[in-house]
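Line by line, the protein sequences are chains A and P.
At position 59 of the first sequence (counting the first as 1) the number is 59 in our numbering, and the numbers step up by one without a gap.
At position 203 of the second sequence (counting the first as 1) the number is 950 in our numbering, and the numbers step up by one without a gap.
These aren't lab readings, by the way, just hints derived from the structure by calculation.
Hints are not guaranteed to be accurate.
Stated by the list, open to error - Here are some of the chain A residues that sit facing chain P, going by a computed Cβ distance under 8 Å:
1. L136
2. V139
3. T243
4. N273
5. K315
6. N352
7. L410
8. F411
9. T561
All values reported here derive from a predicted model rather than from experimental measurement.
Using N, Cα and C, we set each Cβ at its ideal position, and we do this for glycine too.
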Amino acid sequence: MSSSRVIKSFRQLLNESKEQSRRRLVIEQIISAMSLGVNLSPLFADMVKAAQTTDLVQKKMIYLYICKYAEENKELLILSTGTFQRDCQSQDPLVRGLSLRSMSSLMNKELVEYMAREIKKGLMDRSNYVRRIAVLATVKLFRVSPELVLDTEIEKKLYSMIAEVDPYVSINSVVALNEILASKGGISITQKIIIHLLKRFHEFTHWGQSIVLGLVANYAPQSEQECLQILNLLDNYLKSGNTSVILSVSKVFINLINDLPNLRNQIYDRIKNPLITLVSCSGDEMAYPVLKHIYLIATQLPNLFANEASRFFIKGSDPTYLQEIKIDILCEIVNKQNFKQIIFALASYVINSSLNEHISSYCIRAIGKIASQLSSYFDMVIDYLMEFIELDIPHIVEASMIILKDVIRLFPEQSLEIVLPELKRLSEIIHTEEAKVSLIWILGEYGEKIDEGPYILEKFVETFSEESSEKIKLELLTSVLKMFFKRPPESKKMLGVILHEATENSNEPDVIDRGLFYYRLISTDINKTKSIVLSEKENFTRFTENDPLELFEILMDEFNTFSVVYKKPYEQFKRIIHKNEEEEEEEDDDSSTDSSSFSEEELLDQIQQNVNGLDINQQNQSQSQNQQNSQEEQEIELEPKFNLEPSEFQNKWMNSSHNLNFDFELDEELDKESFEEILKENNFQVMASGLIQSTIKIFCYGKDISSNQIGLFQLLITGVNVKLNAKGTNPQFLKLFAEYIATVLTE
Amino acid sequence: MIKSLFILNTGGDIVLEKHWQGRTGRNIITQFWKEITKENRTKDLPPIVRIRRQTIVHLRKYNLLYLIVADQDTSPLLFIEFLNRVIEVFSNFFSTEPTETSLKENLPKAFELLGEMMDNVFPVTTETSMLRDMIGATMKSTPNTIENSKKFGTLSSDQVGGLPWRRKNIKHSPNEIFFDVIESINATIERSGKCLSSEIISKIVCESKLSGMPTLTMVFNNSSILEDVSFHQCINLDTWERRKILDFVPPDGAFELLSYRSNRMQTQIPLYTSGRFNWSKKKRKGKFEIILQVRNSLIKSIDNVSVLIPLVRGCSSPAIKTSNGAVFFNDQTFELKWEIKKMPKNNEISMKGSIKLPNKGEIPREKPVAIITFSIEGLCMSGLKVTNLNISKLKKKIFKGVKFISKSGNFTLKF
């Protein structure tokens, strides 16, 4: 059915139906069709006319319609203002509220004058229900014309309305002010407001409570006694029936730890059980973010959950995302007491055929990770890995060999004793690519320690020409070369064969290249080649895949937000809205009214997005090139009396487009005070500093005189190791800036 | 903050969309749908995902997919909690589960509800009993005009001091309130019958039909059982903290009063289970035996017992003897199910037999597990008892009652 025919028939129905119950039915049909995606915009004038009904149900539906199509019918919208205004005078508070809410949702610039007038009246309305709606309408008005709200009587009125008896009005005023004043850091949180809100905390709905808790989390109590008062008052709410309230209370508690460090363990103990209860009592969707938070806490306090390991054992009915996070938690809370229990559980998941392949590989990786943390038990881990390999199930063998390789890299001496005698047998039973690559690497690195080492490699070389995997070929080339230098008599022939095969009979350019490279290397200087190939390797103790510790510190600051779920600080994923993106979104809407053109629309959209993305990249590139040229010979010199307000600093820190990490070492250890002194001497401004365990953390900034660029940075100093994280708007400047900081500190 | 809500059917079509701030294009939904239906997905899509730099929180219920497009940095729990509320409120107002059909029939009402549940970008009123004030549940059949709307639209919370979860002037006849204490036991049992781990997850649900603003107090014999507890908002937390009694003004209608978790058991696990299962390589068969017995100490009867054993693909020809009950084998899902309507007292019952493995393929390394379900009326495993239930501020005659049900949660026997 084409939409023009639909519209015609609806219009006819609207005109014909006189009886209220029938009209209501027609309008219901219109709303249903609208939500199916049929474009009913042309009915606008008819619907505005119909809005003069006295039937509240019809009115609600018609207002819903008007809000949806207002954008496309700007010129007709003025017709509806009469109805809106009349309804704002109605006897019935439900009608007044509805009218106010709908009108303020129109987001129309032409109507702001009407809106502002009705909102002001609404704020004084005798009905709480209308006042509630009027308060939130101020936010909508603010979005269209901020100047009508900011620093006006409305703002003042909102502050006074926090004290109202009706809990909804009170909470809505807080919400509204927080959003209106967002650019100034939200509502100004005074002790008076906090006390007022906490006193009547039980009156608020769960949502209201969550909002108040959000404020309390940002509030700095003025004394230890006040901290304790808040703690005691909110403690009960860890038993709330609403998970969002429980997590919000937890956040307040965690923030209070900074003021009450001696209560740290007790406070964490308080939030432990409610969190565990949430996991076992709520649905999968709820358990997921809660487990993410438990994981985060576990990274900070591994022992807190150590006795609860069995709570994080996985069930066959768990969705994969829950299984993953539970395994992550098990890796964090493992200690000497629960080690066996956890490893045993993980090993049983590996071979449990009802769990999917992804999870069994995930468990094997987890086992490897635990081995790296608790080195004294690595032999048990190796036993398990060897067992898995013998199962001859491709994905398990694959994952186990890779982990086996890593464990050997971590603990070469001890683990080789167990693994080396098994290498020959392993070489006969493994088939998959990655597993073979790992085995060949082990052979190249340590194969000379066993008699048959070169011969196992030789077996692989024999089938080199039939090998289809480029990865295996490359690894084999390297390993054979290493073996040649360690066991020349047995390997000489094999090296000849493989170099010949690689350079003469291979099709893969990389294999040919590497073959030729080795060939030339050997023919140039065989002793040098040896020293290159067998160069001493650095011992390592931590996998680079492991997350950096400071990440979790940042995440603790962002407790109870999406950052914890994504395991990323907010600034890394927050949505930066570009001008053209917003337009693009609006275009989405126009076309979205007709659902039939889905795929085409999507395609166009994607193309557009790609094109836009390209342009931006190119621009950025050329820009930075220009700046590079102009800045190449410059030295940094900082303005001595440059000053940023804390909020400005924070704003810049969160919003700077470029980020640079830079690690360096100091010649000698210094204390916090000396660092600050050095920085100040060089015209850096210290924003904040602190000591977390033995790590010194300093936030600093400076402004370069010649380029007028501002750079912000954070220093994390542990002993002589310094981690620098600098931020700014220009990548070239940032690099110079970071180098300059490093020079200042090392000299 | 919640920008938009979409509800999709099993085919990915949008059944309902509601926008609270600006408008979210449908493209993001198309892309999300692609994500969630990706073939060969080895991982389920987590309930919180990022698509096109926006956050989508979603959950599935009654074959509908609810998703919220969220912006800004707020509590993820809030969104999931809100979705759960939406589903709950829909069920209450539609008087049936919100399925695609019932949602389509009730679309205008759904929009009306969503309009009141959230304003601006934050949830406001999500309690069914409060929403009834704003949305006449009976409107559909008897049209209310604005003139006579005062009859239903008196907005009780306008009267100072109203509670967020209960409106004033509720009238019922007869007046009655019933509580169900439902305890589910999660346990893993070894083949010898030894219990490896167990916990009890419980809740008290209530159906309240009381007039006015009644205050209830509930006293327990042993309140220390309620250590890991989460309460409905109506419960006065201070009284609980000080005197360990529940003091509350209940919402109207059905609601969950509290839920709790407990590791301690007053009694033994009421149903004793043991068994063995072995794969015989030679005969390519699985041989097994399961024994069940009611614990002597148990006075109540155990009903609706079933033992489910999921077997490997291709198993066939079960040969089974049982002392009681009936055995079914599903050759599509390869599940063996033993059902006993009522457990006999005093003597043990058993199921014994074998099952054939397919002729080809390996002998499974893993033994299956048996998933056991049962229910016991009148029993409370944690030992919780209500010693006193008092209703004040209500003069009329009140029918009240507390019922206990114990049942299996995740109850498995490992061979």
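Would you settle whether the hint for A/F411 is holds or violated, based on the nearest Cβ-Cβ distance to chain P being less than 8 Å? violated (29 Å)
Given A/K315 as an interface hint, is its Cβ closer than 8 Å to any Cβ of chain P? holds (7 Å)
Quick one, is the A/N352 hint okay against chain P at 8 Å, beta carbons? Since the shortest Cβ distance to chain P is 6 Å, the answer is holds.
Interface hint outcome for A/V139 [beta carbon to chain P under 8 Å]: holds (5 Å)
How about A/T561: closest beta carbon in chain P under 8 Å, or not? A/T561 check passes; min Cβ-Cβ to chain P is 5 Å, inside 8 Å.
Minimum beta-carbon distance criterion (8 Å), A/L136 to chain P: holds (4 Å)
Holds or violated: is the Cβ of A/T243 closer than 8 Å to a Cβ in chain P? It holds, given that the least Cβ distance between A/T243 and chain P is near 5 Å, below 8 Å.
Using Cβ atoms only, decide whether A/L410 comes closer than 8 Å to chain P, and label the hint accordingly. violated (28 Å)
Supplied contact hint for A/N273, tested at 8 Å Cβ to chain P: Status holds, d = 5 Å.
Violated hints, in rising order: 7 and 8; the structure is consistent with all others.
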